[in-house]
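Student: This is what each chain is made of:
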Amino acid sequence: MTAPETGYTFAYLDDATKRMIRRAILKAVAIPGHQIPFGAREMPLPYGWGTGGIQVTASILGPDDVLKVIDQGSDDTTNAISIRRFFTRVAGVATTERTADATIVQTRHRIPERALREDQVIVYQVPQPEPLSKLEPRRAETERLHALADYGLMHVRLYEDIARLGHIAKAYDYPVMVNGRYLMSPSPIPAFDNPKMDRMPALQLFGAGREKRIYAIPPYTSVRSLDFEDHPFRPIRAPHACELCGSTDSYLDEVLTDDAGGRMFVCSDTDYCGERQAGANKAAAE
Amino acid sequence: MYVAVKGGGRAISAAHAWLDETRRGDPSLPELGVAQIEQQMGLAVDRVMAEGSCHDRFLAALAIKQSKGDLIEAAFLLRAYRTTLVRFGASDPIETAAMRLRRRISATYKDLPGGQVLGPTFDYTHRLLDFALAAEGAPREAAPEAGAPVGEVPRVTELLAREGLMQREVPDDAEPGDLTRQPLAFPAARPVRLQNLARGDEGFLLALGYSTQRGYGGNHPFVGEIRVGHVAVDFTPPELGFAIDIGDIAITECQMVNQFAGSRTEPAQFTRGYGLVFGHGERRAMGMALVDRALRAQELGEDVTAPAQDAEFVLYHSDNIEATGFVEHLKLPHYVDFQSELENLRTIRRSAMQDLAE
Amino acid sequence: MTALLTATGLDLRFGAIPALVDVAIDISAGEVVAIVGESGSGKTTLLRVLSGMMAPDAGTVLWQGQDLRAMGEAARRRLMRTDWGFVHQNPRDGLRLNVSAGGNVGERLMAVGARHYGNIREQALDWLKRVEVDASRIDDLPRTFSGGMQQRLQIARTLVTRPKLVFMDEPTGGLDVSVQARLLDLIRGLSRELGLAVLIVTHDIAAARLLADRMLVMRRGEVVEQGLTDRVLDDPQHPYTQLLVSSVLAA
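Chains as they are written, first to last, in this note's numbering: chain E, 7 to 292; chain S, 286 to 643; chain B, 2 to 252.
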């Protein structure tokens, strides 16, 4: 299949590469939360800017798909625009900013507020797939710890937080147990988004390009954020209402409005916020 | 009333247009040609080919022009382009003993079969800025020519090995790993390590090699031999079953001779560190050879104590395309995570203040 | 009494050097067995082989009738954090120096599934008390502790999950003589109280006499003599044991 940009195959990657990545994805789905090494290619975007997510998206994308790309919850951040343009250029697929209309959502750092459906796939960009990397930098060793489900070290880290600070200090990239077996990094989403992963109807795929790993959470799989019985997991959000749509249960960005401490809070998910505002205007007009 | 920031798309387009403008510089000056870069900035082309792990002088020169002379950016362009190329096979191993030499030096023998050939080198130049070069178009004196060594020139390491003084490398018919297809895994075999180093960042190899000389994993190196020149690349298509010469490439090979104390079961011998890179890149080949030897510490029964001996540390951080991407990604927006940290810090501080007050 | 751990026919060579030569040993529940010998005699190697850290060239090690090699790494690691404990000569090898004292003791509990912070902390405090580390130090890093305190912390960390068998490799090795005596008392008290089996490697005959019910004397990879501690020390049969005992008496 040819792409709008002449000289490249559909969605940039050649068919052999796509097959290799799809095999890795299938393995990942079969072993929820387990990191599958794959032969990541050099992409025309830099490592750390979403090459893993881009390769996963490129491998599952078909000409009828509708793609949404967000970064920090917004469709209009520069990197989201850049990735969306890339797929428009090399695959010519339709794109959307509306979560409800997308068949594939590629994301960096957020899960949309609107619940995803069975007919949707969410692709996360992952900088560091190894949840134990800050505790044990050696891959050979962390792989052994996963194989043996030896996760005491992670709990020690959480214990230390409570002993020192009174709280678990992890606010994003908060580790989760998938299907009761594998410890997994949810990618650097805020801990606020973690509960959305649990038993999500949509397939969740994770791509780490530089670290050359793919992992997945099949639909309706249990995802538990690590915690203690007497210090349960708390999703954190700024305790305010969105200034634009009034939402009190969405994740908020803090915007500085002047240099004298002036600030306001608005939804990080721009599509969600826009829809609520449009709904409110419509209600007011009726 | 606050309106969410928009217009990222327009900003990107404008920024890229500006980039194009600054690349061209002052339009009253003649534009730099790709052929000029290829000819007159040959060592930059060599470095980009090595780190871009793609031997094509024209593409490397084009990448240098496009990247405004940022060589890591240029290597990145070359790597991304290479992803789109169809791989139709692997060449036969090249034979560096049959290299057509431009340069060949040994630091271990005053004279040796094949001789010392200085070749085009900065060595022994006085690093004085040559203001004559600023006056363009000055006539150039032709370099005197001498006959190049003919036939195969024996390698120094081979001369030592014949006497039993150099550890023999055991030829391995196993298919070597391919980092462009399989991710790094540990323990990494030597072919994979060498492949990683051959395209590693020159500054990183240089610094690590240097650190071994200063005592961080020292292995007492001598330059057995450096050779620079051209070798033929043969390819055997499976449907033909015989080798076809598909052209020549320029390469630099460095063999370091290092001490090895020996053990109760093995008599003392020299061991080697090996460097082989695309183009003319002595600094890179030497750094590679030092690091290769340092990474053999475990295999040779030495203590692994220094960074250059630590395979995971070295091999995971040598690639400058990976490194620059991940370092520079810190420029991307992180305000969602930062917001979580802010709220977290505020909560922790609040409860600490309460505890203090009570 | 059935043996917890039984090893037979252990052989291991490092190149030309024999480290273990046809060694057999067993240890029963609640029993303290000392392996003595000078450095290079193979006693630390024996401990590493018995605890599954190192594979012998020949011979078998059975844990409660199960072959250690056959059970696989996952099962061995599980043993190491449940029924077994290992106290290293250098506490730095057995502690996490960048984790608080409480976290060090709590780690084994968390590794076997404890998920209640308050309970973990309570048990950590209890164990710090038992090894005579001041409760106020619970959130301090072990690197601020003295050598003796570090070693007591390592023992607390090891014993908190109530293992059946503890391997000890020269546990008093790097300590001052006065600190050694106190630590030996502590080990003796805890092993009796908890009914621990302890396999202790030491070059210190006096320590062996204080702690051990039985002892094995090793030389060049071979067990040259074994028996009840008092019998071996008061009536040594092998010339090497005689030399070892007399050199202590002379010192």
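Mixed in with the good hints there might be a few duds.
Stated by the list, open to error - Computed list of lysine to any residue pairs in SDA-like fashion (alpha-carbon distance at most 20 angstroms, straight line):
1. Lys176/E x Ile534/S
2. Lys24/E x Asp70/E
3. Lys140/E x Glu306/S
4. Lys288/E x His237/E
5. Lys24/E x Asp463/S
6. Lys616/S x Pro312/S
7. Lys176/E x Ser248/B
8. Lys353/S x Glu430/S
9. Lys140/E x Asp595/S
10. Lys176/E x Ala296/S
11. Lys176/E x Pro315/S
12. Lys24/E x Val371/S
13. Lys176/E x Ala121/E
14. Lys353/S x Pro315/S
15. Lys176/E x Ala244/E
16. Lys140/E x Asp463/S
17. Lys176/E x Gly10/B
18. Lys176/E x Arg150/E
19. Lys33/E x Pro315/S
Said to hold, decoys possible - Some chain E residues judged to face chain B by a derived CB distance under 7 angstroms, without partners named:
20. Gly158
21. Phe234
22. His237
What the hints assert, rightly or not - A few chain S positions that, by computed beta-carbon distances, are all more than 10 angstroms from chain E:
23. His340
24. Ala383
25. Gly422
26. Pro618
Simulated from the structure, these hints should not be mistaken for lab results.
Note that beta-carbon positions come from the ideal geometry of N, C-alpha and C, so glycine has one too.
Student: Next step is simple, just say for each hint if it's right about the structure.
Tutor: Consistency of the hints with the structure:
no.	hint	result
1	Lys176/E x Ile534/S	violated (52 angstroms)
2	Lys24/E x Asp70/E	holds (17 angstroms)
3	Lys140/E x Glu306/S	violated (43 angstroms)
4	Lys288/E x His237/E	violated (43 angstroms)
5	Lys24/E x Asp463/S	holds (18 angstroms)
6	Lys616/S x Pro312/S	violated (31 angstroms)
7	Lys176/E x Ser248/B	violated (58 angstroms)
8	Lys353/S x Glu430/S	violated (36 angstroms)
9	Lys140/E x Asp595/S	holds (18 angstroms)
10	Lys176/E x Ala296/S	violated (34 angstroms)
11	Lys176/E x Pro315/S	violated (56 angstroms)
12	Lys24/E x Val371/S	holds (13 angstroms)
13	Lys176/E x Ala121/E	violated (24 angstroms)
14	Lys353/S x Pro315/S	holds (15 angstroms)
15	Lys176/E x Ala244/E	holds (15 angstroms)
16	Lys140/E x Asp463/S	violated (28 angstroms)
17	Lys176/E x Gly10/B	violated (52 angstroms)
18	Lys176/E x Arg150/E	violated (24 angstroms)
19	Lys33/E x Pro315/S	violated (56 angstroms)
20	Gly158	holds (3 angstroms)
21	Phe234	holds (4 angstroms)
22	His237	holds (5 angstroms)
23	His340	holds (16 angstroms)
24	Ala383	holds (32 angstroms)
25	Gly422	holds (39 angstroms)
26	Pro618	violated (5 angstroms)
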